[in-house]
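Visitor: In order, the protein sequence lines correspond to chains A and B. Heads up: the first sequence begins at 1 in this note's numbering, then just goes up one per residue. Heads up: the second sequence begins at 177 in this note's numbering, then just goes up one per residue.
A hint or two may mislead.
[What the hints assert, rightly or not] In silico EDC-like pairs for lysine to aspartate or glutamate, Cα to Cα no more than 16 Å straight-line: (1) K241/B - E302/B; (2) K39/A - D134/A; (3) K241/B - D134/A; (4) K154/A - E257/B; (5) K43/A - E232/B; (6) K128/A - D233/B; (7) K103/A - D202/B; (8) K150/A - D233/B; (9) K103/A - E232/B; (10) K204/B - E240/B; (11) K91/A - E40/A; (12) K252/B - D134/A; (13) K128/A - E240/B; (14) K64/A - D84/A.
Worth flagging that the hints you see were computed from the coordinates, not collected in a lab. Bear in mind that the values here come from a model prediction, so they are computed numbers and not experimental data.
Each chain, letter by letter, is given below.
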Amino acid sequence: MKNKIIYYLPIFLTLFICVFFFFSLSNDTSKLSSPIVGKEVPKFSLISLFQNKDNFNSSDLYSKNPKIVNIFASWCIPCRAEHDVLMLLSKLEGIEIYGINYKDDPMEAKSFINELGNPYANVGVDEKGRTGIDWGVYGVPESFIVHNGKVVYKHIGPIHISELDEIILPILKDLK
Amino acid sequence: MRKISLNIIFILLIFQNFGYSLASTDSKREQNLFKEIRCLVCQSQTIHESNSELAEDIKLLIREKVSAGKTDHEIKQFLVEKYGEWILMTPRFNQHTYLLWIAPLIIFIIGFWFILNKVSSSKQKED
Numbered sequence: 001m002k003n004k005i006i007y008y009l010p011i012f013l014t015l016f017i018c019v020f021f022f023f024s025l026s027n028d029t030s031k032l033s034s035p036i037v038g039k040e041v042p043k044f045s046l047i048s049l050f051q052n053k054d055n056f057n058s059s060d061l062y063s064k065n066p067k068i069v070n071i072f073a074s075w076c077i078p079c080r081a082e083h084d085v086l087m088l089l090s091k092l093e094g095i096e097i098y099g100i101n102y103k104d105d106p107m108e109a110k111s112f113i114n115e116l117g118n119p120y121a122n123v124g125v126d127e128k129g130r131t132g133i134d135w136g137v138y139g140v141p142e143s144f145i146v147h148n149g150k151v152v153y154k155h156i157g158p159i160h161i162s163e164l165d166e167i168i169l170p171i172l173k174d175l176k
Numbered sequence: 177m178r179k180i181s182l183n184i185i186f187i188l189l190i191f192q193n194f195g196y197s198l199a200s201t202d203s204k205r206e207q208n209l210f211k212e213i214r215c216l217v218c219q220s221q222t223i224h225e226s227n228s229e230l231a232e233d234i235k236l237l238i239r240e241k242v243s244a245g246k247t248d249h250e251i252k253q254f255l256v257e258k259y260g261e262w263i264l265m266t267p268r269f270n271q272h273t274y275l276l277w278i279a280p281l282i283i284f285i286i287g288f289w290f291i292l293n294k295v296s297s298s299k300q301k302e303d
């Protein structure tokens with residue numbers, strides 16, 4: 001009797017592995033969990049894209065009001081798609097969006113904002129993408145919700161209008 | 177006089193070689209690190225194989241850190257803090273990965289034990 005169970009074991013094992021692989025298939029590997037979430041924001045000081053504004057510093061993110069940091073570039077097509085959502089978000093009370101202009105030509109970034117509107121309280125210029133690496137950026141757009149200088153949430157890819165309602169706004173509400 | 181100038185040239189040549197060998201160990205270290213770091217855009221390639229912009233940026237960052245005298249461990253630790261364990265092509269041995277590392281050994285031991293059992297029981301039958 002004992003021996004018979006052992007003979008069936010390979011079949012069960014194979015089935016178990018099949019089920020495991022089947023569920024692993026549906027994991028979206030393009031969206032990686034970020035180790036930055038829960039940690040303090042990286043230290044940086046970036047020259048502002050706007051002439052009349054001071055540098056965008058990490059110290060700007062230490063505030064009781066939650067802030068959004070959006071990594072964008074004028075050459076990034078999904079950023080265009082996301083821009084309307086950012087415009088909408090910036091009109092909500094007490095929410096400030098900061099931009100990091102990632103590996104972009106400042107002139108083109110300016111015309112991007114002139115054309116589509118400016119949702120940003122300030123935009124830091126990261127021409128070489130070095131600050132992007134500190135934020136763990138591997139594709140644009142990426143957005144972070146920051147509270148008291150800590151990263152609360154990371155969003156990879158453009159924020160869709162439905163995600164605004166389902167993910168972003170509930171987190172912001174909780175933080176207030 | 178001629179001897180002295182020859183000596184000077186000789187000494188200079190040694191120093192030049194010394195500098196050259198230092199530079200080449202650095203670039204060897206860089207190359208080895210490139211082969212250890214995953215490109216997050218192309219995912220199953222290393223940054224050594226990839227020409228994506230992010231891979232190029234990370235290569236530049238590694239070069240900077242190597243010439244700033246950082247150790248391999250420090251550089252990897254920096255990247256893991258920013259991008260997560262997944263950026264390393266070889267998973268490190270820790271509380272999340274110990275099963276991954278020792279599973280082959282465990283499976284081997286079970287298999288070995290299984291074969292031993294079979295062999296000894298068939299021997300008993302023969303006897």
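Visitor: Taking 16 Å as the top limit, are the C-alpha atoms of K43/A and E232/B close enough?
Guide: violated (22 Å)
Visitor: Starting from K154/A, check that the Cα of E257/B is at most 16 Å away, please.
Guide: It holds: about 15 Å lies between the C-alpha atoms, which stays within 16 Å.
Visitor: Next pair to validate is K64/A with D84/A; report whether the Cα-Cα distance is within 16 Å.
Guide: violated (26 Å)
Visitor: Within a Cα-Cα threshold of 16 Å, do K128/A and D233/B meet the stated pairing?
Guide: holds (8 Å)
Visitor: Run the distance test for K204/B versus E240/B: straight-line Cα separation, threshold 16 Å.
Guide: holds (14 Å)
Visitor: Does E40/A lie within 16 Å of K91/A when you go C-alpha to C-alpha?
Guide: With Cα atoms ~26 Å apart, K91/A and E40/A exceed 16 Å; violated.
Visitor: Quick one, are K241/B and D134/A close enough, alpha carbons at most 16 Å?
Guide: Since the Cα atoms of K241/B and D134/A sit roughly 14 Å apart, the hinted pair holds (cutoff 16 Å).
Visitor: Between the alpha carbons of K128/A and E240/B, is the straight-line distance 16 Å or under?
Guide: holds (14 Å)
Visitor: Hey, K150/A versus D233/B, does the alpha-carbon distance stay inside 16 Å?
Guide: violated (25 Å)
Visitor: Taken at face value, is the distance from the CA of D134/A to the CA of K39/A at most 16 Å?
Guide: Status holds; Cα separation ~12 Å.
Visitor: Taking 16 Å as the top limit, are the C-alpha atoms of K103/A and D202/B close enough?
Guide: violated (28 Å)
Visitor: Is K252/B within 16 Å of D134/A, Cα to Cα?
Guide: With a Cα-Cα distance of about 14 Å, the restraint between K252/B and D134/A holds, given a limit of 16 Å.
Violation of the numbered hints given earlier is confined to hints 1, 5, 7, 8, 11, 14; the remaining hints are satisfied by the structure.
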